[in-house]
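Novice: The chain contents come next:
There are 2 protein chains.
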Amino acid sequence: MSKYWSELTKGLVPYVPGEQPKVQNLIKLNTNENPYPPSPKVIEAIDGFDKQRLRLYPDPNSDVLKQALADYHEVNKNQVFVGNGSDEVLALAFMAFFKQAEPILFPDISYSFYPVYCNLFEIDYQQLPLNEAFEIDLAGYPAENGGVIFPNPNAPTGRLLSLDQLRNLLQRNTESVVIVDEAYIDFGGESAIALVDQFPNLLVTQTFSKSRSLAGSRVGFAIGHEELIEGLERVKNSFNSYPLDMLAVTAAVAALQDEEYFETTRNKIIDSRDWLTAELQQLGFEVLPSAANFVFTRHPEHDAAELFAKLRERAILVRYFSATRIDQFLRITIGTQAEIEALVFALNEIIG
Amino acid sequence: MSKYWSELTKGLVPYVPGEQPKVQNLIKLNTNENPYPPSPKVIEAIDGFDKQRLRLYPDPNSDVLKQALADYHEVNKNQVFVGNGSDEVLALAFMAFFKQAEPILFPDISYSFYPVYCNLFEIDYQQLPLNEAFEIDLAGYPAENGGVIFPNPNAPTGRLLSLDQLRNLLQRNTESVVIVDEAYIDFGGESAIALVDQFPNLLVTQTFSKSRSLAGSRVGFAIGHEELIEGLERVKNSFNSYPLDMLAVTAAVAALQDEEYFETTRNKIIDSRDWLTAELQQLGFEVLPSAANFVFTRHPEHDAAELFAKLRERAILVRYFSATRIDQFLRITIGTQAEIEALVFALNEIIG
Numbered sequence: 001m002s003k004y005w006s007e008l009t010k011g012l013v014p015y016v017p018g019e020q021p022k023v024q025n026l027i028k029l030n031t032n033e034n035p036y037p038p039s040p041k042v043i044e045a046i047d048g049f050d051k052q053r054l055r056l057y058p059d060p061n062s063d064v065l066k067q068a069l070a071d072y073h074e075v076n077k078n079q080v081f082v083g084n085g086s087d088e089v090l091a092l093a094f095m096a097f098f099k100q101a102e103p104i105l106f107p108d109i110s111y112s113f114y115p116v117y118c119n120l121f122e123i124d125y126q127q128l129p130l131n132e133a134f135e136i137d138l139a140g141y142p143a144e145n146g147g148v149i150f151p152n153p154n155a156p157t158g159r160l161l162s163l164d165q166l167r168n169l170l171q172r173n174t175e176s177v178v179i180v181d182e183a184y185i186d187f188g189g190e191s192a193i194a195l196v197d198q199f200p201n202l203l204v205t206q207t208f209s210k211s212r213s214l215a216g217s218r219v220g221f222a223i224g225h226e227e228l229i230e231g232l233e234r235v236k237n238s239f240n241s242y243p244l245d246m247l248a249v250t251a252a253v254a255a256l257q258d259e260e261y262f263e264t265t266r267n268k269i270i271d272s273r274d275w276l277t278a279e280l281q282q283l284g285f286e287v288l289p290s291a292a293n294f295v296f297t298r299h300p301e302h303d304a305a306e307l308f309a310k311l312r313e314r315a316i317l318v319r320y321f322s323a324t325r326i327d328q329f330l331r332i333t334i335g336t337q338a339e340i341e342a343l344v345f346a347l348n349e350i351i352g
Numbered sequence: 001m002s003k004y005w006s007e008l009t010k011g012l013v014p015y016v017p018g019e020q021p022k023v024q025n026l027i028k029l030n031t032n033e034n035p036y037p038p039s040p041k042v043i044e045a046i047d048g049f050d051k052q053r054l055r056l057y058p059d060p061n062s063d064v065l066k067q068a069l070a071d072y073h074e075v076n077k078n079q080v081f082v083g084n085g086s087d088e089v090l091a092l093a094f095m096a097f098f099k100q101a102e103p104i105l106f107p108d109i110s111y112s113f114y115p116v117y118c119n120l121f122e123i124d125y126q127q128l129p130l131n132e133a134f135e136i137d138l139a140g141y142p143a144e145n146g147g148v149i150f151p152n153p154n155a156p157t158g159r160l161l162s163l164d165q166l167r168n169l170l171q172r173n174t175e176s177v178v179i180v181d182e183a184y185i186d187f188g189g190e191s192a193i194a195l196v197d198q199f200p201n202l203l204v205t206q207t208f209s210k211s212r213s214l215a216g217s218r219v220g221f222a223i224g225h226e227e228l229i230e231g232l233e234r235v236k237n238s239f240n241s242y243p244l245d246m247l248a249v250t251a252a253v254a255a256l257q258d259e260e261y262f263e264t265t266r267n268k269i270i271d272s273r274d275w276l277t278a279e280l281q282q283l284g285f286e287v288l289p290s291a292a293n294f295v296f297t298r299h300p301e302h303d304a305a306e307l308f309a310k311l312r313e314r315a316i317l318v319r320y321f322s323a324t325r326i327d328q329f330l331r332i333t334i335g336t337q338a339e340i341e342a343l344v345f346a347l348n349e350i351i352g
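If you read the protein sequences in the order shown, they are chains Y and F. Going by my numbering, the residue at position 130 of the first sequence is 130; the numbering climbs one at a time, nothing skipped. Going by my numbering, the residue at position 306 of the second sequence is 306; the numbering climbs one at a time, nothing skipped.
For the record, the hints were derived by calculation from the structure and aren't laboratory data. One thing to keep in mind: the hints can contain errors.
Since the list can't tell identical chains apart, any single copy or any two copies may satisfy a pair.
[Said to hold, decoys possible] Using 27 Å as the maximum straight-line C-alpha spacing, the simulated DSS-like pairs for lysine-lysine come out as follows:
(1) Lys-310 with Lys-77
(2) Lys-41 with Lys-77
(3) Lys-268 with Lys-3
(4) Lys-41 with Lys-10
(5) Lys-310 with Lys-41
(6) Lys-10 with Lys-268
(7) Lys-77 with Lys-3
Quick caveat, the model's predicted, so the values are computed rather than measured.
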């Protein structure tokens, strides 16, 4: 604590990202990274990029990437916003839309960055409990609010809402912005991008970090009504004009051009998730239905913190949250088939 | 304007970065880019990076880059902060230190992003006039303030303050943070990093965009007392945990390792600046003494907006600001010797 900090800074409790261990040979199933590398076309595009050009500023608007995303998602370019990972996109969206008189709403068990943004931008919030099945209960969201945000599928539960459930909310909730954070949508959900033309207050965010295997490049985006996008651009251009570097844009554009690789790798992850779910159930675990690249699971007879520690001893890293209601769960990222087989083998040793 | 925007967003007037034209064959002397490509060692490092690793998140703390900067500038690693360009570093610093009861102070003619940050973060500010010679007059800065920021050398004037002048300010101004924005320091100034161990309220920011030819990679940094750095980390980790992508870190670390290339290219730019200054004076221009990679110049008989337009017709882009006191100046980036010779040739045609 320093006397030079603003009062705001003194009151911050920053988000703690999942551990990025510096030791080698760890089976890393803790931060929902894709176990498969980026498409060979991405690597080709980076290698082929003329690095002499790095002396120049990138296009502040990243128009090439916006156009590629617009074509891919069948919207207009002015309905697309891009940023330095979806975390930055979300931060800017909180400023652009959620600084309101009424509190914003999000689930009690959800992406733990949301309350952190609220503290940073001095936004009131109300957390609404998941139901007993750990589902988001949108029907219980009051219409009077400063905004609504939730991940779909939700993290860390993996549970998915249908487009019908989203549509129901949007039909009632017309006076504030609704952000659907689709970081994991490509692993089993239907994107709400299909709804943006009907609902001018709907903003959908996605990322290249998970299904596109580009966590190391930091690219996220939002799609919505052009007026929402214009609001985001205003805030972005008051914060940092050039958040996306040239190589990140190059990588992201190339990733969108390899649909076959995208389909192959996400299907492998979905197949591995199904296999892991069955194996965990075999071991007596309860596994929440997941539409993401992770599963959220608990064992009726084994303490989660203890399982976490014992897996770590065996060089397998999963995610454990010591929060209320979920402190008996582990979140396990879907790795390669070999990695999750090693996990099941280790759990057999620990439990069996 | 949309009813969904926050009141804050409605009131924003975003920073307008220099034009990034999409036409080819323009002589681009408008955004202070380095005319020389990044070091061959940077290009080698990017090419040699294992792109399969892009599937993973980068180190959220960018420790490798922080250590390289600490070694280079002879400070401890916990005195170094890194961000997505110095624009992001500055934005986070405004939040961390400048949200205060008293207004912050900066020159009336200066980096035009400062008032934009103030609007975004709702910070009061007072702009203090440059003197008649377009120098920052730190002696006139009142001791009661919420913070002080200025570029050194200043932009767009290019004028430099000495370390003695900075020391004088810092001896008086002990109760708020002083940020010295050294985007252009490598082209002729002495860095205030030499003073950070004496003044716990001094933060020095620099960038890889200019002297390191890496504008396309988006890397900036700050050096100061470890408590200031800790404040910045708190805000950064409440905004975006991973702002620096893997390839940007790789490029920046490699750039620091090629001192010879750095010296050669910056000396070429300094030599070209001296040559251009003499040529402009020959043509009747007044040229402010510059310690940056640009000159700020006016002609007693030729309107700056007109000169700007006529240069653009000849495919030469310089920067023109229509602001009070400086609307008769042009800011001209130092290009390659061939580029500035073409500029002088064109000015000869226009004026001669």
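Novice: Hint by hint, note whether the structure agrees.
Specialist: Right, here's what the structure says about each hint:
1. In this assembly of identical chains, the alpha carbons of Lys-310 and Lys-77 never lie at most 27 Å apart, being 49 Å within a copy and 33 Å across copies at closest.
2. When the C-alpha separation of Lys-41 and Lys-77 is checked against a cutoff of 27 Å, the pair qualifies only within one copy, where the shortest distance is 23 Å, while the shortest distance between copies is 37 Å.
3. Taking the closest pair of Cα atoms, Lys-268 and Lys-3 never come within 27 Å of each other, the shortest separation being 53 Å inside a single copy and 43 Å across copies.
4. For the identical chains of this complex, Lys-41 and Lys-10 are neighbours neither inside a copy (46 Å) nor across copies (41 Å), given an alpha-carbon limit of 27 Å.
5. With identical chains, the CA atoms of Lys-310 and Lys-41 are never at most 27 Å apart, being 39 Å at best within one copy and 44 Å at best between copies.
6. Taking the shortest Cα distances, Lys-10 and Lys-268 never come within 27 Å of each other, neither inside one copy (45 Å) nor across copies (46 Å).
7. Proximity of Lys-77 to Lys-3 under the C-alpha cut-off of 27 Å is restricted to the inter-copy arrangement: shortest distance 21 Å between copies versus 46 Å within a copy.
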